[in-house]
Amino acid sequence: TQLLEQSPQFLSIQEGENLTVYCNSSSVFSSLQWYRQEPGEGPVLLVTVVTGGEVKKLKRLTFQFGDARKDSSLHITAAQPGDTGLYLCAGLGNNDMRFGAGTRLTVKP
Amino acid sequence: EADIYQTPRYLVIGTGKKITLECSQTMGHDKMYWYQQDPGMELHLIHYSYGVNSTEKGDLSSESTVSRIRTEHFPLTLESARPSHTSQYLCATTGTSVGELFFGEGSRLTVL
Chain D
16 TQLLEQSPQF LSIQEGENLT VYCNSSSVFS SLQWYRQEPG EGPVLLVTVV
66 TGGEVKKLKR LTFQFGDARK DSSLHITAAQ PGDTGLYLCA GLGNNDMRFG
116 AGTRLTVKP
Chain L
322 EADIYQTPRY LVIGTGKKIT LECSQTMGHD KMYWYQQDPG MELHLIHYSY
372 GVNSTEKGDL SSESTVSRIR TEHFPLTLES ARPSHTSQYL CATTGTSVGE
422 LFFGEGSRLT VL
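Heads up: the protein sequence lines correspond to chains D and L, in order.
Residues 16 to 124 in the numbering used here are what the first sequence spells out, letter by letter.
Residues 322 to 433 in the numbering used here are what the second sequence spells out, letter by letter.
Bound conformation, chain L alone (with noise of 0.2 Å):
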């Protein structure tokens, strides 16, 4: 079973403040994912990582980025929050082949 936290699990800010979200995992796991998802919605993939200095954006188009200096930490950041980003972050890692993904609890972002 994989450990990955995330922290906060929720957060309400005002229009234009930066924030991270962020995530650590404890398995060693090269592969990291950050999905964004509204409610009743699917999971859309926005930043993912196979490793160490290895970042890639993903199918659906974010203001945030994301840095992975070390394996184990996968922060998302957003330099200036608006109230269309208000939505719940998943955070995931992987370490099989057939790409099983091991879930945090989700950040909950409100954005007023």
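Next comes chain D alone, as it looks inside the complex (with noise of 0.2 Å):
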């Protein structure tokens, strides 16, 4: 059972674009984290949340827990082909860090 539901499975855009990703659960977590992976590497830490309601943003990349820490979303504003990879969102929950299915992100120029 995958606890974690990622939307859009794939997502292919304009450079110039924006474009908003979620996350989603029905389970709290105590953090969720960001991370994207690009072909043949492992993921990369991109952002950690830990409170509901916060936002955090890294340059073009906007970040948000939802108020009852289930779900997320992650908003890119301008997209570039340099963010073209796969997104993945983690929950820490009772010891444990679960993973959703990831968003296959392609920029085209």
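Simulated from the structure, these hints should not be mistaken for lab results.
Wrong hints could be hidden among the right ones.
[What the hints assert, rightly or not] These stretches of chain D come out as covered by chain L in the derived footprint (C-beta under 8 Å, 3 or more residues):
| # | stretch |
| --- | --- |
| 1 | 30-39 |
| 2 | 55-62 |
| 3 | 101-109 |
| 4 | 113-123 |
Every residue, glycine too, gets a C-beta built ideally from N, C-alpha and C.
Assembly of the complex is requested from the two constituent chains, each provided in isolation within its own frame, with the hints serving as guidance.
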């Protein structure tokens, strides 16, 4: 059973467009992370959110943690080809980390 | 930034062979993990360790075994590889209470 549902599964956009991807669960997490993974590599941590309602910004990326700490979103402004990759969310429950299946983003020049 | 290394990066072997995937970290972290990831799929936890001489099985049933004799090393062994073991294996470590994982580059295993 997948505890974290990510949507959309695939997203292909043109350079300069904005996008939002989602990570939803029925479970409460004490923290949630977003990772980006490129082909043939391990995931790389982008951000950790801990507090319900928390918003964090990383250049053109904005991350939000839901008030109930069950869901999160990642918004990218003016996407660039370098943003292409697999975006994974992961939630920390009772001492274990659960991953979603990811959103595969392609940004075309 | 964590330094975590996996070898080999790529491995193609025949059915029935014994293989060991190596994972080493230089951060002195107690917690280490092995995940299995098939293309387009989520990461599945197959083994974890919270310190020397501590190993546990994860959610995904796996025929592999692990050992943790030293803090730095967390090798994963398949005694008799099968085509169903073909996958990417990712090692990770964390040193924080919020579970931030630092991953190695992965070992892509193909069993013919």
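Now for the hints, and whether the structure bears them out:
Remark: the stretch 30-39 of chain D is not confirmed as covered by chain L, as 0 of its residues place a Cβ nearer than 8 Å to a Cβ of that chain, below the required three. Counting residues of the stretch 55-62 of chain D whose beta carbon lies closer than 8 Å to any beta carbon of chain L gives 6, which meets the minimum of three for the stated coverage. For the stretch 101-109 of chain D, the proposed coverage by chain L is satisfied: 3 residues have a C-beta within less than 8 Å of a C-beta in that chain, meeting the threshold of three. For a cut-off of 8 Å, the count of residues in the stretch 113-123 of chain D with a CB near a CB of chain L stands at 5, and the three-residue condition holds.
The structure fails hint 1 only (numbered hints given earlier).
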